[in-house]
Structures are given as structure tokens and as C-alpha cells.
Amino acid sequence: MSETTLGGIAGRMPKFLRRADPAVVTAFACIVILLLLGSLYSRSFLSPEYLLQQLKVASFLGVIATGMMLVILLGQIDLSVPWAVAAGAMMACAAAAYGPVGIALAIPFGVLCGVAIGIVNGIGVAYLRIPSMIITLATNAVAQGLMVVYTGGFSPQDSATAAMRYLATGFTIPGVPNAVVIWALIGAAMVFVLTRTSFGRAVYGIGNRERAAYLSGIDTRRIVMIAFAVSGGLSAFGGVLLAGYASKAAQSMGDAYLLPSIAAVVLGGTSILGGRGSYLGTVAGVILITLLQSILSVMQMPEAGRQIIYGVVIVAMLLLYGRAPASR
Numbered sequence: 005m006s007e008t009t010l011g012g013i014a015g016r017m018p019k020f021l022r023r024a025d026p027a028v029v030t031a032f033a034c035i036v037i038l039l040l041l042g043s044l045y046s047r048s049f050l051s052p053e054y055l056l057q058q059l060k061v062a063s064f065l066g067v068i069a070t071g072m073m074l075v076i077l078l079g080q081i082d083l084s085v086p087w088a089v090a091a092g093a094m095m096a097c098a099a100a101a102y103g104p105v106g107i108a109l110a111i112p113f114g115v116l117c118g119v120a121i122g123i124v125n126g127i128g129v130a131y132l133r134i135p136s137m138i139i140t141l142a143t144n145a146v147a148q149g150l151m152v153v154y155t156g157g158f159s160p161q162d163s164a165t166a167a168m169r170y171l172a173t174g175f176t177i178p179g180v181p182n183a184v185v186i187w188a189l190i191g192a193a194m195v196f197v198l199t200r201t202s203f204g205r206a207v208y209g210i211g212n213r214e215r216a217a218y219l220s221g222i223d224t225r226r227i228v229m230i231a232f233a234v235s236g237g238l239s240a241f242g243g244v245l246l247a248g249y250a251s252k253a254a255q256s257m258g259d260a261y262l263l264p265s266i267a268a269v270v271l272g273g274t275s276i277l278g279g280r281g282s283y284l285g286t287v288a289g290v291i292l293i294t295l296l297q298s299i300l301s302v303m304q305m306p307e308a309g310r311q312i313i314y315g316v317v318i319v320a321m322l323l324l325y326g327r328a329p330a331s332r
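Following the working numbering, the numbering of the sequence shown begins with 5 at its first residue and continues without gaps.
Since the hints were derived computationally from the structure, they do not count as laboratory data. All C-beta atoms in this analysis are idealised placements derived from N, C-alpha and C, irrespective of residue type, glycine included. One thing to keep in mind: the hints can contain errors.
[Said to hold, decoys possible] Derived DEER-like restraints, expressed as beta-carbon distance ranges:
| hint | residue 1 | residue 2 | range |
| --- | --- | --- | --- |
| 1 | Pro104 | Ile138 | 20 to 30 angstroms |
| 2 | Thr176 | Pro52 | 10 to 20 angstroms |
| 3 | Gly157 | Ala216 | 42 to 52 angstroms |
| 4 | Leu324 | Pro135 | 23 to 33 angstroms |
| 5 | Thr176 | Ser48 | 19 to 29 angstroms |
| 6 | Ile107 | Arg47 | 38 to 48 angstroms |
| 7 | Met303 | Arg215 | 44 to 54 angstroms |
| 8 | Leu50 | Ser251 | 27 to 37 angstroms |
| 9 | Ile312 | Gly221 | 38 to 48 angstroms |
| 10 | Met303 | Leu324 | 19 to 29 angstroms |
| 11 | Arg200 | Arg226 | 42 to 52 angstroms |
| 12 | Ala193 | Pro52 | 26 to 36 angstroms |
| 13 | Arg205 | Val153 | 39 to 49 angstroms |
| 14 | Arg213 | Gly106 | 25 to 35 angstroms |
Kindly produce the complete structure, drawing on both the sequences and the hints.
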């Protein structure tokens, strides 16, 4: 097809499509395809009840992926997600056992545990110059060890508080789960930070070229540490919501969110090299991953098969978008 023909097709496309990130458009197109494929198995795939339930399930991954996106925009990675999620959930439930004060502080305490994990990661990456893959993997192992020591190797027995259950399963707006509202609020805050603040501009600048950002006067170490702290806090908050959804915490509850959170961000067009990406793309990636999980569950795909699919998806998206120059 000639360039003239391509130009004519592009000229007839709606303006918002011409300006849209191809990865985001592709992700939303895949969502439509998955819904159509799912409807072949059951017509309920297109029902409002099913779609709302999938949004509710997606909101937990969406909260976690928001923090992961912030780190990936820097050109880094956070592999401590599994036990940041578990630590947030377990510590929030544990705090509830200490009377009214513990119940009142359960949610912020769980989130602060995740922030602490993120700060350790940030110090290691920003100040000690340890590769993010190494330090976050080590932090994940340490957090796992601490939680196993705390529980004595047994499953946690503490239950979620009423507030945790309300945030995860309740309804403040009729017909809209609280978890979806929380994800929307966190997403709106992240969009504002990335597009309207100096911190957001610094994140993109560091992701494009950290040395140039440093020479331009940006305190790159502080930005990196804050980003990892936010990632840890959001992972822990995701764990708090999951504990509320299940009414209790579990040691392995975060394991299922590492690859999907990375895949969701990459599927949405955020460059794994940093410096390029939009939150709308991450939203599309989260919904796409959630629908993919739902269809694989209907197909009774074993966990090993799901992990293979996630890996193939990440590699495919890296080949399509990851090698492009990081720019914004």
C-alpha cells in the first residue's frame, strides 16, 4: 500500500484516533475482540452485570498497576510487588486485633508497610545505585521472610476490618462498587500528577535520559525514591483491598499480581525503557488482562499456561513498542 493511500486513510480517520497512541488503540481493540470471543462461550459476557463485575476485579490490579507504571516510566522495575501486596494485607488485618485503635489504624498501617518497602527499594536504586531488578527482588525476599516469621509459617488467622470489606465490596454510589470508584480516584490523581505537576515532568525526563534530567537541575534521586515509595504504597493498598474482598489475608495473595501488573502497563504502550506512556493505556491494559484471565478461566486454562501467555504478551509488546525511542 502506497504512502499516498495510507495518508488518505489517515486523513479520513477521526482526529482523536489520529492523535491516539497506537498501543492504546490496539489494546482497546483487543478488549472488543475478547468480549466478542467471550460472548461465543456465553452471552453473559456482554451483560452489564458481568462487565461491572470484571471492572470490580480489574480495580485491584488497576491500583497495583498504577504504582508499577510510575516505576516503569522511570525505566526501572519493581519485583517486590508480591510481598508488598501480602505485607499490606497481613499487617492491616493484624492491626485489627489490637482493639478500636488498631481497627481505626489498620488501613493506613498496612499502606505504610508498603511505603516502607518502597522506600528501601528507592534508597537502593537512587542512592546506592543498585539495579532495580536486584534490589526489589531482594526486598521481596526479605519481606517474605519477615511475614513467614511473623505468622510462624502458618496461614494468617486475622480477619479484615469492616472498613476494609466496605472499601472492597461495598457501594457508596448505587450500582458502582467502591473498588471501582477508588481505582478511578487513584487514576485521576495519577493523571493529574503526570500531566500537571513538575514531579510528573521529572518522571518522564528521568525515563528519557536520567543524566540530562540531573544536569537540568532535577533532583533525580528524590524523584526515584518517591516513585518507588508510591509503588510500594499502592501495592500494599491493593493488598488491603484484596484482604477486604476475601475477608482475610493470605501469604500468597500477591503472587498473582506481579506479571499481570507488568503486562498491563506494557500492553498499554508504556515503554519498558521509560519516558513514554499514558495512564489511559494502563487502564486499557488492566481491563485487557482481566478479560483475558476471565476467558482463560472459562477455558479452564492451567496456571502454567496463563504464565506462558503473559510472557508471550510481554515479549510481543516489547518487540512492537519497547524498542522505540523513549520520547514524549
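Evaluated hints:
Checking the proposed 20 to 30 angstroms range against Pro104 and Ile138 shows it is violated: the Cβ atoms sit about 42 angstroms from each other. A hinted range of 10 to 20 angstroms for the beta carbons of Thr176 and Pro52 is consistent with their spacing of about 19 angstroms. Evaluation of the 42 to 52 angstroms hint for Gly157 and Ala216 yields a pass: the beta carbon distance comes to about 49 angstroms. Between Leu324 and Pro135 the CB atoms are about 25 angstroms apart, so this pair conforms to the stated range of 23 to 33 angstroms.
In this structure the hint that Thr176 and Ser48 lie 19 to 29 angstroms apart at CB holds, the actual value being about 26 angstroms. Taking the beta carbon of each, Ile107 and Arg47 are about 43 angstroms apart, inside 38 to 48 angstroms as hinted. With their beta carbons about 48 angstroms apart, Met303 and Arg215 fall inside the hinted range of 44 to 54 angstroms. A C-beta distance of roughly 30 angstroms is found between Leu50 and Ser251, which places it inside the suggested range of 27 to 37 angstroms.
In this structure the hint that Ile312 and Gly221 lie 38 to 48 angstroms apart at CB holds, the actual value being about 45 angstroms. Checking the proposed 19 to 29 angstroms range against Met303 and Leu324 shows it holds: the Cβ atoms sit about 25 angstroms from each other. Hint check: Arg200 to Arg226, Cβ distance near 19 angstroms, so the stated range 42 to 52 angstroms is violated. As the Cβ distance of Ala193 to Pro52 is approximately 27 angstroms, the hint placing it in 26 to 36 angstroms holds.
For the hinted restraint 39 to 49 angstroms between Arg205 and Val153, the CB-CB distance of approximately 42 angstroms keeps it satisfied. At about 46 angstroms, the beta-carbon gap between Arg213 and Gly106 misses the expected band of 25 to 35 angstroms.
Consistency with the previously given hints fails for numbers 1, 11 and 14, ordered from lowest to highest.
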